[in-house]
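Novice: Okay, here's what each chain looks like letter by letter:
2 protein chains.
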Amino acid sequence: MRQIVAFDRVSADGYFAAADGGLGWVVPEEELDRAAAQNLSGSGTILFGRRTYDMFESFWPHALDANPHAPGQHSPEIRAMAQWINDAEKIVFSRTRTEVPWRNSRLLPEFDPREIEALKSRPGNGIMIFGSGSIVSQLTEHGLIDEYHFIVAPILLGGGRTLVSGVPASVRLDLVEATPFPSGNVRLRYARRSSSPPPPGGG
Amino acid sequence: MRQIVAFDRVSADGYFAAADGGLGWVVPEEELDRAAAQNLSGSGTILFGRRTYDMFESFWPHALDANPHAPGQHSPEIRAMAQWINDAEKIVFSRTRTEVPWRNSRLLPEFDPREIEALKSRPGNGIMIFGSGSIVSQLTEHGLIDEYHFIVAPILLGGGRTLVSGVPASVRLDLVEATPFPSGNVRLRYARRSSSPPPPGGG
Numbered sequence: 206m207r208q209i210v211a212f213d214r215v216s217a218d219g220y221f222a223a224a225d226g227g228l229g230w231v232v233p234e235e236e237l238d239r240a241a242a243q244n245l246s247g248s249g250t251i252l253f254g255r256r257t258y259d260m261f262e263s264f265w266p267h268a269l270d271a272n273p274h275a276p277g278q279h280s281p282e283i284r285a286m287a288q289w290i291n292d293a294e295k296i297v298f299s300r301t302r303t304e305v306p307w308r309n310s311r312l313l314p315e316f317d318p319r320e321i322e323a324l325k326s327r328p329g330n331g332i333m334i335f336g337s338g339s340i341v342s343q344l345t346e347h348g349l350i351d352e353y354h355f356i357v358a359p360i361l362l363g364g365g366r367t368l369v370s371g372v373p374a375s376v377r378l379d380l381v382e383a384t385p386f387p388s389g390n391v392r393l394r395y396a397r398r399s400s401s402p403p404p405p406g407g408g
Numbered sequence: 206m207r208q209i210v211a212f213d214r215v216s217a218d219g220y221f222a223a224a225d226g227g228l229g230w231v232v233p234e235e236e237l238d239r240a241a242a243q244n245l246s247g248s249g250t251i252l253f254g255r256r257t258y259d260m261f262e263s264f265w266p267h268a269l270d271a272n273p274h275a276p277g278q279h280s281p282e283i284r285a286m287a288q289w290i291n292d293a294e295k296i297v298f299s300r301t302r303t304e305v306p307w308r309n310s311r312l313l314p315e316f317d318p319r320e321i322e323a324l325k326s327r328p329g330n331g332i333m334i335f336g337s338g339s340i341v342s343q344l345t346e347h348g349l350i351d352e353y354h355f356i357v358a359p360i361l362l363g364g365g366r367t368l369v370s371g372v373p374a375s376v377r378l379d380l381v382e383a384t385p386f387p388s389g390n391v392r393l394r395y396a397r398r399s400s401s402p403p404p405p406g407g408g
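Chains as they are written, first to last, in the working numbering: chain W, 206 to 408; chain P, 206 to 408.
Just chain W, with the same shape it has in the complex (with noise of 0.2 angstroms):
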């Protein structure tokens, strides 16, 4: 069964994104995108809520041009995640976009998670989320997301967007890991706990 693992930045007070859905307020850690670019390798897909991939198709397509005022400006880290992204499987929940031009994406109008059951339990690697609030919701309520791997920012937003939201019952979780960095972001990973199960049917 492949594994769906939502990866997020968040702020201490616990949102995932500035009220302008922005991104600026992330506190930057090279050692973090060292160890992020080394995992990229175990996933092979990516699921997207169309705020999300807008923003990401708006950078990493081009991410990693020739840039002639500032040649070479790309860390390994950059350059290994743009390949990875691009090269990724896409699948983008929209029922407002007509197209996703962005290579290997393929769009689907509603959230069904028996398509995604379907998608875990076919061969393949693993499966990533960034963002996509009310994706991570539905797949949160339906007990299909396996780890949540949060990178909480030392930085107090005073607002914005949360990343789950609208789910009726609480999950339970397994801490697998809390790791501070140099620059004050930690790590804190956890596993959806197996012994509270999805709720029966969903759809």
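It should be emphasised that the hints constitute simulated quantities derived from the structure, not laboratory data.
None of the values given here were measured: they were computed from a predicted structure.
Virtual Cβ for every residue (Gly too), placed ideally from N, Cα, C.
Check before you lean on any hint, since a few could be wrong.
Claimed, not checked - Listing some non-contacts, in silico: residues in chain W with all C-beta distances to chain P over 10 angstroms:
#	residue
1	ASP225
2	ASN244
3	ASP259
4	SER263
5	ASN309
6	PRO314
7	LEU324
What the hints assert, rightly or not - Beta-carbon label-pair distances, calculated as ranges:
#	chain 1	residue 1	chain 2	residue 2	range
8	P	THR301	W	ASP292	56 to 62 angstroms
9	P	ARG327	W	ARG398	46 to 52 angstroms
10	W	GLU235	P	PRO233	34 to 40 angstroms
11	P	ALA271	W	GLU235	56 to 62 angstroms
12	W	ALA224	P	ARG319	25 to 31 angstroms
13	P	ASP238	W	PRO266	48 to 54 angstroms
As the list claims (entries may be wrong) - Reference excerpt, derived from the structure (chain W facing chain P, CB under 7 angstroms, subset only):
#	residue
14	GLY364
15	VAL376
16	PRO385
Since the structure of chain W is provided, determine the placement of chain P on it from the hints.
Specialist: Same frame as chain W, now just chain P:
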């Protein structure tokens, strides 16, 4: 200068209270209770928003009353907490309450940052604030909280109330401590970065 410490239980998805305000989701942890009980003696004043005061007032004044159905039910940590919180000076911000009969309580109808500054500059022990999201947000906006202690529970609430909201600028913190506990709670301690001074004026 007296220090103000905000102390909060938060869920892994960033909420400090369920939608109904309840705390039934907290994951109990004896080791944490012991550590908290040992630190109480350093504080003598507690700030409260109205909702948190209501909740605390319904429990702590009677927490040590004899219970014929469960004699000797209280742990030493709960007894120490009850003694401390009943004795402490309690400052309650509320426009709707007219009386605060719980021992050593004082009512302030308006939040005025200059009053808090004056309180901090008088001699005395540390000042704590639990929950009280609207007061924490106003204190944060005025740069008046020195440390934030979050106990992150291994649970996704799926919705609820965030601790800090409506603060117009982000606040950079320094990570002081990231400590995992056996039940999966993680204590994150942050200090307000001194290089980001509070905004001038205020009030």
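Novice: Indicate, hint by hint, whether the structure satisfies it.
Specialist: Hint-by-hint comparison with the structure:
no.	hint	result
1	ASP225	12 angstroms, holds
2	ASN244	20 angstroms, holds
3	ASP259	23 angstroms, holds
4	SER263	23 angstroms, holds
5	ASN309	30 angstroms, holds
6	PRO314	25 angstroms, holds
7	LEU324	22 angstroms, holds
8	THR301/P to ASP292/W: 56 to 62 angstroms	59 angstroms, holds
9	ARG327/P to ARG398/W: 46 to 52 angstroms	47 angstroms, holds
10	GLU235/W to PRO233/P: 34 to 40 angstroms	38 angstroms, holds
11	ALA271/P to GLU235/W: 56 to 62 angstroms	59 angstroms, holds
12	ALA224/W to ARG319/P: 25 to 31 angstroms	29 angstroms, holds
13	ASP238/P to PRO266/W: 48 to 54 angstroms	52 angstroms, holds
14	GLY364	5 angstroms, holds
15	VAL376	4 angstroms, holds
16	PRO385	4 angstroms, holds
Of the numbered hints stated above, none is contradicted by the structure.
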